[in-house]
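Enquirer: Chain by chain, the residues run as shown.
Number of protein chains: 4
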Amino acid sequence: MAGNSFGTILKLTTFGESHGEALGGILEGCPAGLELDLQAIQRDLDRRRPGQSAIVTQRKEADQVQFYSGIFEGKTTGTPIGFLIPNTNQKSRDYTHIKETYRPSHADYVYDQKYGFRDYRGGGRSSARETVSRVVAGAIAKQLLGNVEIQAYVSQVGSIKLQKPYEDLDLSKTESNPVRCPDPEMAAEMEAYIKQVRKQGDTVGGVISCVVSNVPAGLGEPVFDKLHARLALAMLSINAVKGFEYGSGFDGVQMLGSDHNDAFNPDGSTRSNFSGGIQGGISNGMDIYFNVAFKPVATLLQQYDTIDREGKVVQLQGKGRHDPCVVPRAVPIVEAMAALVLADFKLLSRLSKL
Amino acid sequence: MAGNSFGTILKLTTFGESHGEALGGILEGCPAGLELDLQAIQRDLDRRRPGQSAIVTQRKEADQVQFYSGIFEGKTTGTPIGFLIPNTNQKSRDYTHIKETYRPSHADYVYDQKYGFRDYRGGGRSSARETVSRVVAGAIAKQLLGNVEIQAYVSQVGSIKLQKPYEDLDLSKTESNPVRCPDPEMAAEMEAYIKQVRKQGDTVGGVISCVVSNVPAGLGEPVFDKLHARLALAMLSINAVKGFEYGSGFDGVQMLGSDHNDAFNPDGSTRSNFSGGIQGGISNGMDIYFNVAFKPVATLLQQYDTIDREGKVVQLQGKGRHDPCVVPRAVPIVEAMAALVLADFKLLSRLSKL
Amino acid sequence: MAGNSFGTILKLTTFGESHGEALGGILEGCPAGLELDLQAIQRDLDRRRPGQSAIVTQRKEADQVQFYSGIFEGKTTGTPIGFLIPNTNQKSRDYTHIKETYRPSHADYVYDQKYGFRDYRGGGRSSARETVSRVVAGAIAKQLLGNVEIQAYVSQVGSIKLQKPYEDLDLSKTESNPVRCPDPEMAAEMEAYIKQVRKQGDTVGGVISCVVSNVPAGLGEPVFDKLHARLALAMLSINAVKGFEYGSGFDGVQMLGSDHNDAFNPDGSTRSNFSGGIQGGISNGMDIYFNVAFKPVATLLQQYDTIDREGKVVQLQGKGRHDPCVVPRAVPIVEAMAALVLADFKLLSRLSKL
Amino acid sequence: MAGNSFGTILKLTTFGESHGEALGGILEGCPAGLELDLQAIQRDLDRRRPGQSAIVTQRKEADQVQFYSGIFEGKTTGTPIGFLIPNTNQKSRDYTHIKETYRPSHADYVYDQKYGFRDYRGGGRSSARETVSRVVAGAIAKQLLGNVEIQAYVSQVGSIKLQKPYEDLDLSKTESNPVRCPDPEMAAEMEAYIKQVRKQGDTVGGVISCVVSNVPAGLGEPVFDKLHARLALAMLSINAVKGFEYGSGFDGVQMLGSDHNDAFNPDGSTRSNFSGGIQGGISNGMDIYFNVAFKPVATLLQQYDTIDREGKVVQLQGKGRHDPCVVPRAVPIVEAMAALVLADFKLLSRLSKL
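Chains as they are written, first to last, in the numbering used here: chain S, 21 to 374; chain F, 21 to 374; chain E, 21 to 374; chain V, 21 to 374.
Chain S with its partners taken away, still in its complex shape:
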C-alpha cells in the first residue's frame, strides 16, 4: 500500500485504524533546534476533537498525543518524531451487522475489492479518525513556519454561503463559535441549520476557506509540484473533500485576461490578487487563499437499504455518534495539511540557489 506518506523533506507517514488501539505517525525532516510548544499541538488536537460542541459528534475521545522520539530538552533533535494517539473509545461492539454489508458511499465495498477483505470495525483505515495524526504533524509544521499565518474558516454550510471576500472578515473571530465561521450572524444561521439537519438524522456539506499570509516569495517547485498542486493534493486527501480552487478559482474562468492579470506595484507586490499568491506554482509573497468543498458525510442516522457481500439487499440502521456536518471539525485539518505543504516547501527553498 502506497499513500501513507505526505511531503518531500518534511514527511509525515501515518498508521492506524479507527478501531485499533492507537493511531500515530512519524514526522521526518524537521530540522534540529526547533523549540516545540507542546500545548499548541494539543490545542489543535482539541479543535479537531469529537464532543467539543453540540453540533459535532458526541463520541468521546481524549486525543492526547504521546511523543516517543525526536524531541530532547524541549527541542527537536533532527531525528524522526514518532508519536501515538491512543484510541480511548474503542468499544467492544458487535459489528456483525456491518461485517458482511456495504454501507453506501463508504469505502467498505472498495476495500473488499482492493484487498480481498477488510477491517470491518468502523471505517478502519478509511476513517477520518486518521487525520488526528495530521493535526499533530501540522501543528509542528506551523511552528516551523514561524510567522507564516494559516487561517482556515467555514465559509459555507449547505447553501448558506458567506459572500464576503476574506479581506472583509475578522478572522480572529473564527474560533468564537462552534461552526468556526468568522461572521457571527452567518455562523448562527449555519449552526441552526446543522442542528436541524442533525435532528433529521441527515448530514450536509460545506466549504472551508483558508488564507495564508506572510508567505515569502519563492516557495513551490515548478512543473509537477507546483505550490497549488500540492495544496490540492493535500486537501483532496482529506476525507469527504470533493473540490479545490485557489485564487480566482472556478469563477476566474469567466474573466478576461486583461481583468485577471495582477498588475505589479513597484515593490513586487500586486494590486489585485486573482493569482491567489501563486504564479507558475511559486509563491509571490501575496496572500494565498483557497476553498475546499466537503460533501455531506455518508453516515446517516436513518434506516436505508443496501447490499451485502453476496449482493443481497439488506436493511441497515445508522446509529451511533456522527457529525451532521464535517466542516467545523475539519478546519484544523485543513490548516494542518496547508502547514505541512508550506513547511515542506520552505525547507525545499533552501536548495534552490547555490
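These are calculated hints, taken from the structure and not from any lab test. One or more hints might be untrue.
Just so you know, same-sequence chains aren't split out, so a pair can sit in one copy or run between any two.
Said to hold, decoys possible - Straight line, CA to CA, 25 angstroms or less: simulated SDA-like cross-link-like pairs of lysine to any residue:
(1) K184 / R291
(2) K95 / S369
(3) K339 / F92
(4) K339 / F87
(5) K373 / T28
(6) K184 / D307
(7) K95 / K373
(8) K184 / K373
(9) K80 / E55
(10) K80 / L367
(11) K119 / E41
(12) K184 / D271
(13) K184 / Q220
(14) K80 / R341
(15) K215 / Y140
(16) K373 / R123
(17) K181 / N311
(18) K332 / S278
(19) K95 / E120
Nothing here was measured: the structure is a model prediction, and the numbers come from that model.
Let chain S serve as the given structure and place chains F, E and V on it in line with the hints.
Expert: Positioned in the frame of chain S, the structure of chains F, E and V alone reads:
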C-alpha cells in the same frame, strides 16, 4: 529543484525549456511487452500542437517525438523510455525588452525570487510547452490502460457553459470542432466568442470536463494518495489551472447526505454516481468524472504597464502568437495526466493482495 | 533528516532513540492477506536481544513488540503496520560526564556538528538499538518471502576465520551456540576469544556470512537498484559494518574471466556460482551469498583520553554493559535487512511484465 | 522498472541501451547559479572513453555530450539538466547468433526471465555503456562540491596489489599512465599483465581505491542513508563490482577496539583514521577512503559452450572489442558516483539545522 517527476511506479520525469533546443522526458515503469502504437502517440501530440486551428496560437511547431530507448521491435522492454521533442521554432529573437522586466501574472518575478536569475527567453521552464512531454507519456499510459477510456472535452468558455451532464452528450463529437466541445451548437458559440476575444488581443478562461469509463474497482491508494487527490495534483500541475472538482464537486456541498449517498445495485454498481466513481479514494467501477478550471492566460497582445527588476514602471507590448483561450489545446493534456494517474494506480493495484 | 526509510514498495520507516520511552516503526506495502506468525517475529527479536548469553551485553531489555495497526484477525490488511518496542531499561542515569564530551569513534562529535546539539543519553538515534525495529519488519518480510530461505551465521571473529565455503557447513547448527557459528569447534574457539577480549574490557570485530536459497530468477532492478547494490546499502546501514562483498567478492579480483564465468547447465542453473546468484543486478535462481564485515565496537570498558566540546582533553571511563563482539547478536539483523531487500524486490517483480 | 534514479535531492535518472541511438539522462536538483565548466565534463568523459589507450577496448565512441536544458548563459538555472550522448558506433551488425543464446555471467538469461524478452543487441540496458551518463552527472556534481577533492585510482590488477596506504602515494600521478595507478612501477607491471591477459583473449579483475578530501563534517544521514551505505550502493551499482569496504574495511575485523578507535585531537580531527572519515554514517572531516572490487568482465575473446533459450548447448565465439580489465576506465565512474553521493549529502546538510 524538485517537482520534475510524476508517478510512483509509472513515473515521468521531464526536462526542457520553451526556448531550448529540445524538451523531453523519461518514462519509467512501463512493463515489458506492451506493443506500442506510435501513431496514436503522434496523434495526441497533434491534438496539442500549436497552429492546428484558427482559434489557437499560430506558432509553428512540428512536435515530432523521437524515442531513444525502452522500445525494441515495436514493444516496450521494461527499461526507461527516453524521448525528445525538438523545438523547431526557436527564433533567435531579441529578448532585451523582457530580460529585465516582469510580465504580470507570469512566473518571471517568482523565478527571479527563487533562483536569483532566470532563462528569460519566453517562459523557460514555466512555459506550457513543457506539457508536450506529458502528452507523449500520457499516450503511452493510455495504451497501457487497455480498454479504460478517457474522454476530456471543453464544457465552458468564459461564461458560455454546457449545462448537460456528460451522460447526455455524444463525446464522440468532441474532435469534430476546433473548440473540442461535444455539443456542436455550444461549440460554435464558444468558437465565435474566442475569436472575438482574440481580436481584442485579450484572453479568456474555460473548463475542461473529463470522463473515465471502464475503470476496474480497486484503483487508488487510501489516505494521502487517494485516486481523486492524485487527479487533483495532476490537473493543478497543468499550466493555468485554478480548480478541480470531481463527482458532485462544489455543488455537492449543498446536498443532504440522504440525497448524496449512492445506493447500491445488487451487482455492486450504484444507482446514482455523486461519488464520481471513487469512494474513500479508491475506484468503485463506476464512471470517474471531474472538472478542471483554467484561468485566462496571462499573455495579452495589448500594451500594459509593469515593472522591471529595479521596480521601475515600464511599458510592455504583448506580441507574437499566443492562445486566446487555452482549453481547446489543453484537452489532450488533461487526458494525458489522467492516463498517467490511472495507469500508475493500475500497476500499484497489482501489489494490494498477497 | 532523510534516511529513516528503507525499501521501495515494502517500506520500513523507523523512529526512536536508545534512551527514549520506545522505539518503533511503520512497515508499509505488505500485501493484504498474509497470515502472520507473531511468535516467529518475537523469536527473531529474542535472537537479537541483549542478555541472551554470556558473550553479549548483559543489559536487560524485554524487547516485546506491540502492533497497533495493519493486522486484523491474524492477517495483514494491506494498511501500514505500526509497531512499538518499549525501552524497559531506561535508567534515569547521570549523563553529565558524557554530555559535554565526545567518545572516540562514536557519533557524538558528528551529531553535534550536523545538528548543533544532540540527545546525549547513550547513542541516541545512532545506537544499534534502532535495529530492533528492523528485526520486527524483517521477520514479517521473511514470512512474505515464503520458501525463500535466509541463513546468516558468524564466519569470522577477530582473526579466527571459518575457511570452509557455506556448502560444506551445516547451517542448521548456527543457533546451537552463542556465537552463531555453524562449525561447533570454531564456535568454541571464537567464544573463548570473545570472553578473553571482554575480560580486557576490549572489543573485537567479525564477519557475518549470509546465504539466501530458493530465490526465484528475476528479482532486482537493473542499473541503480541492482539486487546486490541494495543488499550492500542494507548491510552498510547496520551499525559497525565496514564492508560488503558478494559471490566471489574481493577474492574474485584475482581470477581470470575464463575461470570466473559461470557456465550454464541446460536448465539455466550454473555449474559454478562465482556470480553469487546475481547477474546484472538480477537474481538468476542460484544461491545468493555475501559477507559483511563488522569493526570492533567503539565502546570499551577501559579508561581513555578524549576531548570535550571545547576541545579540552578529558578522561572517560567506559562502564556499563556492552557487547565485546557485535556479530553474534547482529546475525538476525543481517537476516532482517536481507529479507527486507528480497521481499521488496519480490513485490517489484510483479511489475516487470505486462 | 525501478532503479533508474540515483540521489535524493541531486537526482540522476538515466535511460538508454548500448545499441540504441543515444543514451542520456536528467540531472535534477542542481541549485541555480553554478557556473559550469563544460570542458571539465568532457574531460571526464574522455577518461572513460573506449579507445583511449592500448589496454582498453578499441571500440570507437566519440562520447560527446549534448545538453538540452537547465543551463543558461553558462550557469545552471535550477531546472533539470537534460542531456544526450549519441551512440556513434552502432553497427548494423548481425545479432542472430546471440539472439537466442545466453552468454555466461552476462545479464542475458536474467533479463529474459524478468521481462519475458530482451533487446539482444549487445548488453542493452545492462551494458556498462550506461555509465556514460553517470560520468556527465558526476562531473557536474564535482563542480558543485567546490574544493572537495575526489581521487580514485587503480590499486590492484589481478594479484598485483599496491601495498602502500594512500597517504604514501602521489595521487597526482594517477593519470600519467594508462592503468591509472599512481605508482609508476606498479602501473607498468599491471599494464604488462593486462596486455598478457588480453593476448589470451581473457580478462582479469581489479580494485579501485578512492580518497575524498576536504569533506566538511556533517555530511550523511543517520540510519538507512549513512554516508558509507550510500557510497556502497553507488559503487555496487557500477557494472562488475563485487565488493566495497571503507576505512579499516575487512581488515579492521581483526583489530581490537582499543587499537581501532580514533583518538581525538583537540580540534576535533583524529590521530588515526580507521573510521575512514565517517562515524555513525556522518562525515567527521577526515579523509574518506574506500576500496571497490571489480570482477573480471565476462566477455571473453575465446570460444566457449553455453545454452540457448531452449536449453540446448551451443558454441559461441567471443569477438569484437572488449576490455581485458575494466578498472582503468572505471576510475572516472567511481569518482562520478562518489561525487553524486557527496553532492547530494552536501545539499541535504542544508536541512539539518533550523
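Enquirer: Against the structure, test the hints numbered earlier, and report the numbers of the ones violated in rising order.
Expert: 4, 8, 9, 10, 13 and 15
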